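> Line by line, the protein sequences are chains P and L. What the first sequence shows, in this note's numbering, is residues 34 to 325, in sequence order. What the second sequence shows, in this note's numbering, is residues 7 to 761, in sequence order.
Be a bit skeptical, because a hint or two may be false.
Just so you have them, the derived chain L footprint on chain P, three or more residues with Cβ under 8 Å [what the hints assert, rightly or not]:
#, stretch
1, 210-218
2, 281-292
Label-pair distances were calculated between CB atoms; the ranges are [unchecked claim]:
#, chain 1, residue 1, chain 2, residue 2, range
3, L, Asp169, P, Glu53, 57 to 67 Å
4, L, Glu112, P, Gly54, 34 to 44 Å
5, P, Val74, L, Thr35, 31 to 41 Å
6, L, Glu158, P, Ile55, 41 to 51 Å
7, L, Lys757, P, Ala50, 24 to 34 Å
8, P, Glu220, L, Lys26, 49 to 59 Å
9, L, Ser70, P, Ala282, 50 to 60 Å
10, L, Lys418, P, Val67, 49 to 59 Å
11, L, Asp169, P, Arg70, 42 to 52 Å
12, P, Ala282, L, Leu130, 42 to 52 Å
13, L, Ala74, P, Ala50, 28 to 38 Å
The hints are simulated quantities; they were obtained by calculation from the structure and are not laboratory data. This structure is a prediction, so every number in the text was calculated from the model and none was measured. Yeah, the Cβ is synthetic: ideal placement off N, Cα and C, and Gly gets one too.
Each chain, written out:
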Amino acid sequence: MRYHTPASFDDAIAIAAQAEGITRFLAGGTDVLVQLRSDLVTPDDLIDIKQIPGTHDIVQNADGSWTLGIAVSGAEMTEHAGLCAAWPGLVEGMDLIGSTQVQGRATLVGNLCNGSPAADSVPGMMAAGVTVTVMGPNGTREVAVEDIPAGPGRTNLAKGELIAAVNIPARGENGGDAYQRFIPRTEMDIAVVGVGVSLRLDGDIITEARVALGAVAPTALMVPDGAAALIGSTLDDAAKARLAAAASAACNPIDDKRGTIEFRTDVAGVLACRTAQRAYDRAQGKKVAKHV
Amino acid sequence: MALDDDLKKDGFTFVGTRPKRPDGLDKVTGRAKFGADMVAPGMLHGAILRSPHAHARIKGIDTSKAEALEGVKAVVTRADFPDTVQHKPGMAGEMWNVLENVMAGEKALYDGHAVAAVAATSALIAKDALKLIEVDYEVLPHVTDVDKAMAEGAPVIREGSADRSVPEGLHPNVVRYHESGHGDVEAGFAKADLVMEDTYKTEATHQGYIEPHACLGMLGADGKGELWCTTQGHFYFQKVCAAVLGLETSQLRVTASEIGGGFGGKTTVFMEPVSLALSRKANRPVKMVMSRSEVFRATGPTASASMDIKIGMTKDGTITAAKGTYRLQGGAFPGAPADFTAMCGFAPYCLENVLQIGYDVMANRPKQAAYRAPGAPMGAFAVESVIDEMCNKLGLDPVEVRLKNAARDGTKSSYGPTWDAIGQVACLEAVKAHPHYSTPLKEGQGRGIASGFWFNHGGETSVSLALSEDGTAQISVGTPDIGGSRASMALMAAEVLGIPYENIRVTIADTATLGYNDVSHGSRVTYASGLATIKAARDAVEKLKGRAAAEWGIDPDAVTWEDGYAKPSGPNAGEFEPMHITKITGKMGRTGGPISGHFEATPEGAGVSFGTHIVDAEVDPETGKTSIIRYTVVQDAGKAIHPTYVEGQFQGGAAQGIGWALNEEYIYGEDGRLQNSIFLDYRIPVASDLPMIDTVIVEVPNPGHPYGVRGVGETGIVPPLAAVANAVSNAAGVRLKELPMSPPRILKALKDQKG
Ligand SMILES: Cc1cc2nc3c(=O)[nH]c(=O)nc-3n(C[C@H](O)[C@H](O)[C@H](O)COP(=O)(O)OP(=O)(O)OC[C@H]3O[C@@H](n4cnc5c(N)ncnc54)[C@H](O)[C@@H]3O)c2cc1C
Numbered sequence: 034m035r036y037h038t039p040a041s042f043d044d045a046i047a048i049a050a051q052a053e054g055i056t057r058f059l060a061g062g063t064d065v066l067v068q069l070r071s072d073l074v075t076p077d078d079l080i081d082i083k084q085i086p087g088t089h090d091i092v093q094n095a096d097g098s099w100t101l102g103i104a105v106s107g108a109e110m111t112e113h114a115g116l117c118a119a120w121p122g123l124v125e126g127m128d129l130i131g132s133t134q135v136q137g138r139a140t141l142v143g144n145l146c147n148g149s150p151a152a153d154s155v156p157g158m159m160a161a162g163v164t165v166t167v168m169g170p171n172g173t174r175e176v177a178v179e180d181i182p183a184g185p186g187r188t189n190l191a192k193g194e195l196i197a198a199v200n201i202p203a204r205g206e207n208g209g210d211a212y213q214r215f216i217p218r219t220e221m222d223i224a225v226v227g228v229g230v231s232l233r234l235d236g237d238i239i240t241e242a243r244v245a246l247g248a249v250a251p252t253a254l255m256v257p258d259g260a261a262a263l264i265g266s267t268l269d270d271a272a273k274a275r276l277a278a279a280a281s282a283a284c285n286p287i288d289d290k291r292g293t294i295e296f297r298t299d300v301a302g303v304l305a306c307r308t309a310q311r312a313y314d315r316a317q318g319k320k321v322a323k324h325v
Numbered sequence: 007m008a009l010d011d012d013l014k015k016d017g018f019t020f021v022g023t024r025p026k027r028p029d030g031l032d033k034v035t036g037r038a039k040f041g042a043d044m045v046a047p048g049m050l051h052g053a054i055l056r057s058p059h060a061h062a063r064i065k066g067i068d069t070s071k072a073e074a075l076e077g078v079k080a081v082v083t084r085a086d087f088p089d090t091v092q093h094k095p096g097m098a099g100e101m102w103n104v105l106e107n108v109m110a111g112e113k114a115l116y117d118g119h120a121v122a123a124v125a126a127t128s129a130l131i132a133k134d135a136l137k138l139i140e141v142d143y144e145v146l147p148h149v150t151d152v153d154k155a156m157a158e159g160a161p162v163i164r165e166g167s168a169d170r171s172v173p174e175g176l177h178p179n180v181v182r183y184h185e186s187g188h189g190d191v192e193a194g195f196a197k198a199d200l201v202m203e204d205t206y207k208t209e210a211t212h213q214g215y216i217e218p219h220a221c222l223g224m225l226g227a228d229g230k231g232e233l234w235c236t237t238q239g240h241f242y243f244q245k246v247c248a249a250v251l252g253l254e255t256s257q258l259r260v261t262a263s264e265i266g267g268g269f270g271g272k273t274t275v276f277m278e279p280v281s282l283a284l285s286r287k288a289n290r291p292v293k294m295v296m297s298r299s300e301v302f303r304a305t306g307p308t309a310s311a312s313m314d315i316k317i318g319m320t321k322d323g324t325i326t327a328a329k330g331t332y333r334l335q336g337g338a339f340p341g342a343p344a345d346f347t348a349m350c351g352f353a354p355y356c357l358e359n360v361l362q363i364g365y366d367v368m369a370n371r372p373k374q375a376a377y378r379a380p381g382a383p384m385g386a387f388a389v390e391s392v393i394d395e396m397c398n399k400l401g402l403d404p405v406e407v408r409l410k411n412a413a414r415d416g417t418k419s420s421y422g423p424t425w426d427a428i429g430q431v432a433c434l435e436a437v438k439a440h441p442h443y444s445t446p447l448k449e450g451q452g453r454g455i456a457s458g459f460w461f462n463h464g465g466e467t468s469v470s471l472a473l474s475e476d477g478t479a480q481i482s483v484g485t486p487d488i489g490g491s492r493a494s495m496a497l498m499a500a501e502v503l504g505i506p507y508e509n510i511r512v513t514i515a516d517t518a519t520l521g522y523n524d525v526s527h528g529s530r531v532t533y534a535s536g537l538a539t540i541k542a543a544r545d546a547v548e549k550l551k552g553r554a555a556a557e558w559g560i561d562p563d564a565v566t567w568e569d570g571y572a573k574p575s576g577p578n579a580g581e582f583e584p585m586h587i588t589k590i591t592g593k594m595g596r597t598g599g600p601i602s603g604h605f606e607a608t609p610e611g612a613g614v615s616f617g618t619h620i621v622d623a624e625v626d627p628e629t630g631k632t633s634i635i636r637y638t639v640v641q642d643a644g645k646a647i648h649p650t651y652v653e654g655q656f657q658g659g660a661a662q663g664i665g666w667a668l669n670e671e672y673i674y675g676e677d678g679r680l681q682n683s684i685f686l687d688y689r690i691p692v693a694s695d696l697p698m699i700d701t702v703i704v705e706v707p708n709p710g711h712p713y714g715v716r717g718v719g720e721t722g723i724v725p726p727l728a729a730v731a732n733a734v735s736n737a738a739g740v741r742l743k744e745l746p747m748s749p750p751r752i753l754k755a756l757k758d759q760k761g
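Use the sequences and the hints to build the structure in full.
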């Protein structure tokens, strides 16, 4: 195994592009190192990208949007008052990952690129409309988060490509977002269903909405029918029923040790409504308890 | 052993207090040495190649490439173990069973079964070498479910494993049979107003100790060996390792490390002979440490169970008859505790007509090991669930019904013996009086109660106590401390000697230092090692009195021992200043030599144990998720020597029982491979899943122990499966009959009920 600490993204890309065998980028390492130690994946080239200048920064741009460095940890996000105020749902998705120790290392991009359909930060990012800056041997492009995962453990990044930044839109007025997951225990577990919802209100009426589901299909997915069910409503029971139906209909899960198809499909509907309620309450400026 | 005359019930100075544990500082500072902490000069690292198949014939193993790898010093397979131990039916062949499990012979019998092992200069090289071993498998049909394993046509794990208890005509995978009871159950059912019959199932669960199995073995060409390992019973490990390696028992010295949890799972030998075999071949010490996944795949989970319960009850709650049929799957070897399940199920009750039948069934799973009250929790789950259901149907209070039918002093138990001095009624009365039981429930919550029974055990025991010149004492016991027993031993010795707790050091002696000691199991340590400690201390006191008597020139019988002083027993004995222990030990070299006490016995009066738990649970009807809101354990301890550690045992049993009830399970794929061999997917409760677990220590002294002690380590896990199931069923409004009651299972039951 070769361990690299490039000083720039260009260097990192050059190493990755030339590497043969198994290549991994090392962000927080909470997936990479665990997989290494448990003999699941032993990379031939391990490229530590945390040393690259700027990768630890959280920056709010003039237009209110945010740019996050790829090495920003969950703990750094939770401790950033401005980010928490703007995107509490996105932050709570990240904050649910692991324990205090894991929070000190784990990153959004690592969570995304590890490729788990159950990754907790991903539905929240998708609901928020987050994009990532992808750099590679053939240049730079901006890609929506939902277009990164390709299937369990796989991404759409080409050989030599990496993610160089996370771009979060400006929150704007009267918006609210939320992420909730279902786990059989209270913590230290893997999502059986995850839901991210972001919406905007005009008075009591929902004018914009994005709904994303995790852990119910080979990749996290957008649920446009769920968003449509919400838009124009006041999140009344009928809207919730439509949302639940849309969320359940979008599911394409597997039966496995973590949950049955039937269970995941049912709970996706239930959780979509609960999450939408939290996002709605936030949009109305109500205080919402920390994730439950 | 008649000890009744000997029972001290009150007036204790040290017993019943809560001093700090003597091993506490070592544990919190990291100074304590666990299984993986030992090193030796020239040490190699061992690793085991495990079968990826649930059932396969091993047609050949080619180790040549592994042997050729730089850094590899030895490779062993079954051929490196002597064939002196022979296969015999049932538990008679246990030594062969252990060997066959430690290293597969002709067949790999489960996913994770050891087939070869390597010792190399580093752990990484050893792992790499495993990948170079080529095993030629012929995959065979497999079976992992207990009911399927005993059904016609099921793949046979091993012909000739059934012992003579098994009736004709059963599948060869049924290897032992138990039947007990009394009265006439059919006549009893005829007298009942309500008869209920149902099938209940539990999945296998793992003890889940934090410390994986680890050892360091050294074995020379001279047949002399040393083994350091994490174990609940190093004397037993000595015996087993010697047998399967063809050594003389006394030539192998085994030292028990500190132990990071065992719960029964470290009473069984799973790996240690491999390190010794590798060491013998490489002529170097070999250390082995299991990964978590190896612990799950290849060390003892519990048995899984399928059980039919039939109970008859009159309208007033009197049980007229009870019948239980218990089928337990214990892996690819005999030993599933179906007999214990059968014997314990109805034991909390006084029954006129009772019949219980147990089947020990083999399947393609790892060899089961004891897990706190082995077999009892499953049976209690089934029996106590049916009783709860009947109370609901008849509109009766579940505590009153249990009291009405409770086993009492003089009751002939469900499995034979007649009880004396038992605590079932006292526990139930304490439950009734506890504020928890009368606290109103909120909407969506349910309450469950359940009783449980465990035998407790005595076992071979040997303790020795040596006094030092300064009047302090050192005690050598042979039972690894798995629950704070060093503190309890010191408290009991302090009580006898009349010296401070802090002046006593208790050591777990190695096998070369003390006579044979049975394993730390059966909740026996505080009982049996405690009894032996008291007797050893009394032996030393007799000698101390003798020295004082000699100095005073009076008869030793005329000397009493009080609070650390020898005193003349009365005016007739003469007028002498009380003589402190330090006065005697300070000159013992000149007055007859070192003073020590010892005691060896197999005490038989362990004293059975009962407990009843109260649980409040809330079920989310939309997701099937359960929250445990409140939990109270009530259990008879006989006498709590160190109440904090008694409470710890109660709480630990409840915590593990909650896990077993709600989310823990062995999940097998169609291919017979274990799907969840890491803690991420094997869901033991995390701290935030549990409420504070309240405890009530009931004390009905056990006449079989000088201070009335009953073991408390196991009974605490017997009621929770049922108590949680009753709470969940009452909260959800639907009876859950299969564990674990995971959210998918509860949600499905709710949906099925709605139709
Ligand atoms: C105890 C524990 C609990 C956990 N709990 C959860 C949980 O509750 N929910 C959850 O979703 N996850 C959980 N995880 C998994 C893990 O913590 C998260 O996925 C985490 O976000 C990964 O981030 P990281 O920075 O540590 O990634 P790393 O391990 O550094 O990398 C992960 C993957 O991303 C790739 N990668 C990293 N950075 C880039 C980049 N800039 N460009 C391209 N590819 C990149 C790497 O090549 C690698 O494949 C847990 C892990 C542990 C150990």
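> Next step is simple, just say for each hint if it's right about the structure.
Hint check:
Counting residues of the stretch 210-218 of chain P whose C-beta lies closer than 8 Å to any C-beta of chain L gives 3; at least three are required, and the coverage claim holds. Given as covered by chain L, the stretch 281-292 of chain P passes the check, having 4 residues with a CB less than 8 Å from a CB of that chain where 3 are the minimum. For the pair aspartate 169 of chain L and glutamate 53 of chain P, the supplied restraint of 57 to 67 Å holds, since their beta-carbon distance comes to about 59 Å. A beta carbon spacing of about 39 Å between glutamate 112 of chain L and glycine 54 of chain P agrees with the range 34 to 44 Å that was offered as a hint.
Look at valine 74 of chain P against threonine 35 of chain L: about 36 Å separates their beta carbons, and that is inside 31 to 41 Å. Checked against the given bound of 41 to 51 Å, the beta carbons of glutamate 158 of chain L and isoleucine 55 of chain P, roughly 49 Å apart, stay inside it. A hinted range of 24 to 34 Å for the beta carbons of lysine 757 of chain L and alanine 50 of chain P is inconsistent with their spacing of about 52 Å. Remark: the range hint 49 to 59 Å for glutamate 220 of chain P to lysine 26 of chain L is contradicted by a beta-carbon distance near 31 Å.
Take serine 70 of chain L and alanine 282 of chain P: their Cβ atoms lie about 57 Å apart, and the range 50 to 60 Å holds. A C-beta distance of roughly 56 Å is found between lysine 418 of chain L and valine 67 of chain P, which places it inside the suggested range of 49 to 59 Å. Distance hint check for aspartate 169 of chain L and arginine 70 of chain P: the Cβ-Cβ separation is about 44 Å, which falls inside the suggested range of 42 to 52 Å. Alanine 282 of chain P and leucine 130 of chain L have their C-beta atoms about 49 Å apart, which keeps the hinted 42 to 52 Å range intact.
Look at alanine 74 of chain L against alanine 50 of chain P: about 36 Å separates their beta carbons, and that is inside 28 to 38 Å.
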